[in-house]
Amino acid sequence: GQQLNQSPQSMFIQEGEDVSMNCTSSSIFNTWLWYKQDPGEGPVLLIALYKAGELTSNGRLTAQFGITRKDSFLNISASIPSDVGIYFCAGLTTFGNEKLTFGTGTRLTIIP
Amino acid sequence: EPEVTQTPSHQVTQMGQEVILRCVPISNHLYFYWYRQILGQKVEFLVSFYNNEISEKSEIFDDQFSVERPDGSNFTLKIRSTKLEDSAMYFCASKPGQTYEQYFGPGTRLTVT
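Sequence order for the protein chains is A and B.
2 is the number of the first residue of the first sequence in this note's numbering; add one for each residue after it.
402 is the number of the first residue of the second sequence in this note's numbering; add one for each residue after it.
Since the hints were derived computationally from the structure, they do not count as laboratory data.
As the structure is a prediction and not an experimental result, all values here were calculated from the model.
Positions of the beta carbon are idealized from the N, C-alpha and C atoms, including for glycine.
Among the clues, some could well be false.
Said to hold, decoys possible - One side of the interface only, derived from the structure: several residues of chain A facing chain B at Cβ under 8 angstroms:
#1 F13
#2 Q15
#3 L101
Stated by the list, open to error - Derived DSS-like pairs: lysine-lysine, alpha-carbon spacing no greater than 25 angstroms straight-line:
#4 A:K52 / A:K71
#5 A:K71 / B:K458
#6 B:K458 / B:K479
#7 B:K479 / B:K443
#8 B:K443 / A:K71
#9 B:K484 / B:K443
To be verified - Computed, partial: chain B to chain A, Cβ under 7 angstroms:
#10 S449
#11 F492
#12 Y501
With the hints as extra help, turn the sequences into a complete structure.
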């Protein structure tokens, strides 16, 4: 089946630092979504990407849809304590194929 | 802002018992989903539902699982005879037509003893 690998698996940063994480796949996706999950909660949608090469921002978050359609990147600028959580990428192959394939997740921890 | 809601937040059941997990999707959404997440792992697709029927299901969604939209608002997942390995967080999600963006509920933690 399709696999999405995220790196790094975990990050320990100080408040105010910028964060970069990525998601790679062996197969092509036509849509990429980025979610954040807090402990014991459901995934919350952050950003949706629809076109190869697309760069989209949502506040301090910026995500890119890789040109090959096999990867995506998420950047967080000037991290704050509420950014702590697990970030998942999720891919869709075609509209009509409804299932989201989730990545392995990147756990972000902010060191005081 | 409208949200997907799920009940109960935590369900404890004994192996072999039936459980029904309930979801109220966002009201104008047309597509409904169930996913599960075993502790510490990634979220996995179970089933999608549109126009009152299953549109896709995963290998996990075997004969022990069923879904139903009994009225205009609820969407349920039934596990007929629970197994220990069914212990997980179960998430309901929904989306409107013509977009790709799925919105998730807070989840039901199912513990099978």
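Going through the hints against the structure:
Look at A:F13: its Cβ only gets to about 18 angstroms from chain B, farther than 8 angstroms, so that hint breaks. For A:Q15, the interface hint is violated, the least distance from its beta-carbon to any beta-carbon of chain B being 26 angstroms, above 8 angstroms. A cut of 8 angstroms between beta carbons decides the hint on A:L101: the least distance to chain B is about 6 angstroms, and the hint holds. A C-alpha spacing of about 12 angstroms is found between A:K52 and A:K71, which places the hinted pair at or below 25 angstroms, so the restraint holds.
Proposed proximity of A:K71 and B:K458 is supported: the alpha carbons are some 24 angstroms apart, at most 25 angstroms. Taken as a hint, the B:K458 and B:K479 pair is honoured in the structure, with Cα atoms around 14 angstroms apart against an allowance of 25 angstroms. Annotation: proposed proximity of B:K479 to B:K443 holds, straight-line Cα distance about 22 angstroms (limit 25 angstroms). Pair hint B:K443 plus A:K71 holds up; C-alpha atoms about 19 angstroms apart against a cutoff of 25 angstroms.
The suggested pairing of B:K484 with B:K443 holds, with an alpha-carbon distance near 20 angstroms, which does not exceed 25 angstroms. Interface restraint check for B:S449: the shortest CB-CB distance to chain A comes to about 4 angstroms, inside 7 angstroms, so the restraint holds. For B:F492, the interface hint holds, since its Cβ comes within 7 angstroms of a Cβ in chain A; the closest pair sits about 5 angstroms apart. Given hint, B:Y501 at the interface with chain A, holds; its Cβ is 5 angstroms from that chain's nearest Cβ, closer than 7 angstroms.
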